[in-house]
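**Q** These protein sequence lines are chains A and B, in that order.
Note that this note's numbering gives residue 58 to position 58 of the first sequence, counting from 1, and the numbers run on in steps of one.
Note that this note's numbering gives residue 82 to position 82 of the second sequence, counting from 1, and the numbers run on in steps of one.
It is possible that some hints are incorrect.
Identical chains share a label here; the pair holds if one copy fits it or two copies do between them.
[Claimed, not checked] When the alpha-carbon atoms are kept at most 25 Å apart in a straight line, the in silico SDA-like pairs for lysine to any residue are as follows:
| hint | residue 1 | residue 2 |
| --- | --- | --- |
| 1 | K3 | E72 |
| 2 | K3 | G67 |
| 3 | K3 | V45 |
| 4 | K31 | G70 |
| 5 | K3 | R92 |
| 6 | K21 | G78 |
| 7 | K31 | G69 |
Treat the hints as calculated values from the structure; they're not laboratory data.
Number of protein chains: 2
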Amino acid sequence: MQKIHELDRHENDFGLQGFRKVLVHDSADFKILNFNLAAGQIFPVHSHDEDGQLSIVVLKGSGAFLGDGGRELPAGTGSVLISDIRDPHGVRADEDMRILVTIAPPI
Amino acid sequence: MQKIHELDRHENDFGLQGFRKVLVHDSADFKILNFNLAAGQIFPVHSHDEDGQLSIVVLKGSGAFLGDGGRELPAGTGSVLISDIRDPHGVRADEDMRILVTIAPPI
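Required output: the full structure, derived from the provided sequences and hints.
**A** Set out below in structure tokens:
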């Protein structure tokens, strides 16, 4: 089984209200989601009481990875955050930002 | 547990001979590898007789995803290939290309 997704296509643009979420892939092995955040938008800090880990890859744009207690770390194109699913994590876009989230095992 | 990797840093450049491989993350949940292929380099078509899936995300550059029998599909920034680990897969860089490979469960 193989398939290709093009995340950089014109149709996959940035929403003016709320962030745009695209399910890229969901299988027994991992779930992959694409989020597009317009400048100023925030993917709120959250966590899930589940085993497993996630990666957040910044494909385009810049902003910050957010943690609990106001903690933040710079995020730009090519930045990869690895986090346990149960650790608080979020993203703030300072410019239009395209991110790819991979969750394994999927939740 | 959280950590950040910066794949777009100057130190993480493109090798002139062979492709450059960086282990980004390895856990019980998934393995993440960054490969930098200089223009003209090929990540040869291969497969593993194991369950599980992988994603190949193109962070920069362009070329093709390769399959068996000479099959190829265009790959550019923002392209994501999802493949079973046991299905033949490879990559050819037509220009310097930075890719991120995520394997779940890790092999």
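**Q** Hint by hint, say whether it matches the structure.
**A** Here is how each hint holds up against the structure:
{"no.": "1", "hint": "K3 <-> E72", "verdict": "between (35 Å within a copy, 12 Å between copies)"}
{"no.": "2", "hint": "K3 <-> G67", "verdict": "between (33 Å within a copy, 11 Å between copies)"}
{"no.": "3", "hint": "K3 <-> V45", "verdict": "between (31 Å within a copy, 16 Å between copies)"}
{"no.": "4", "hint": "K31 <-> G70", "verdict": "neither (27 Å within a copy, 29 Å between copies)"}
{"no.": "5", "hint": "K3 <-> R92", "verdict": "between (30 Å within a copy, 17 Å between copies)"}
{"no.": "6", "hint": "K21 <-> G78", "verdict": "both (20 Å within a copy, 15 Å between copies)"}
{"no.": "7", "hint": "K31 <-> G69", "verdict": "neither (28 Å within a copy, 29 Å between copies)"}
Violated hints, listed in ascending order, are 4 and 7; each of the other numbered hints is respected by the structure.
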